[in-house]
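Trainee: Sequence:
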Amino acid sequence: MAKAKDKKSSSGVNSHLRARLAYLHNAASLLQSVAVSSKKPDDQRADNGNPEISGSTRIEPHVLRLPVEVKRSFCKRCDTLLIPSVNCTHEIRNESRGRRKPWADVLVIRCTTCETEKRFPQTEKRSKKLAEHRKEKAQAEKPDVK
Numbered sequence: 001m002a003k004a005k006d007k008k009s010s011s012g013v014n015s016h017l018r019a020r021l022a023y024l025h026n027a028a029s030l031l032q033s034v035a036v037s038s039k040k041p042d043d044q045r046a047d048n049g050n051p052e053i054s055g056s057t058r059i060e061p062h063v064l065r066l067p068v069e070v071k072r073s074f075c076k077r078c079d080t081l082l083i084p085s086v087n088c089t090h091e092i093r094n095e096s097r098g099r100r101k102p103w104a105d106v107l108v109i110r111c112t113t114c115e116t117e118k119r120f121p122q123t124e125k126r127s128k129k130l131a132e133h134r135k136e137k138a139q140a141e142k143p144d145v146k
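The opening residue of the sequence shown carries number 1 in UniProt numbering; numbering runs sequentially from there.
No lab work stands behind these hints, which were simulated from the structure alone.
Glycine included, C-beta positions come from ideal geometry on N, C-alpha and C.
Treat the hints with care, since some could be wrong.
Stated by the list, open to error - List of simulated lysine-lysine pairs, BS3-like, C-alpha gap at most 30 Å:
#1 71 / 129
#2 101 / 118
#3 142 / 71
Claimed, not checked - Label-pair distances were calculated between CB atoms; the ranges are:
#4 130 / 77: 16 to 24 Å
#5 112 / 20: 43 to 51 Å
#6 141 / 103: 27 to 35 Å
#7 68 / 115: 22 to 30 Å
#8 141 / 27: 51 to 59 Å
#9 140 / 67: 33 to 41 Å
#10 97 / 31: 43 to 51 Å
#11 34 / 90: 21 to 29 Å
#12 102 / 15: 35 to 43 Å
Start from the sequences, fold in the hints, and give me the full structure.
Mentor: Structural data, given as structure tokens:
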């Protein structure tokens with residue numbers, strides 16, 4: 001029989017890449033906030049993505065899977081860092097008749113730079129799997145013996 005392989009902890013795997021990603025994302029948010037505060041109101045829509053800001057979206061996707069928060073914080077069309085109520089709007093839409101279906105809620109993020117909309121379904125977390133239910137039930141039925 002083959003030996004059972006030990007599972008390595010994921011804390012050290014690609015830690016340098018995760019640190020670089022976090023640094024680039026923080027730098028992008030800082031540069032975006034400085035750029036927005038120094039702009040005139042007329043110039044806000046003229047920026048078509050800052051090449052200095054879009055660096056954290058250029059990390060090779062096959063090297064490291066980007067966290068959902070990072071992926072959703074950049075516009076896929078113009079590579080602008082999306083900051084709510086500064087250069088994007090957040091809106092929850094429910095296109096069902098009379099908003100009767102609560103599971104049909106969709107978060108729509110609109111980039112004000114390029115007018116692109118990103119849509120994310122707002123669903124509840126899935127319920128626990130049957131195996132997890134059985135484990136909890138078995139633990140609840142076990143009497144504590146001391």
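Trainee: Give me the numbers of the hints this structure contradicts, sorted from smallest to largest.
Mentor: Those not satisfied are hints 3, 4 and 5.
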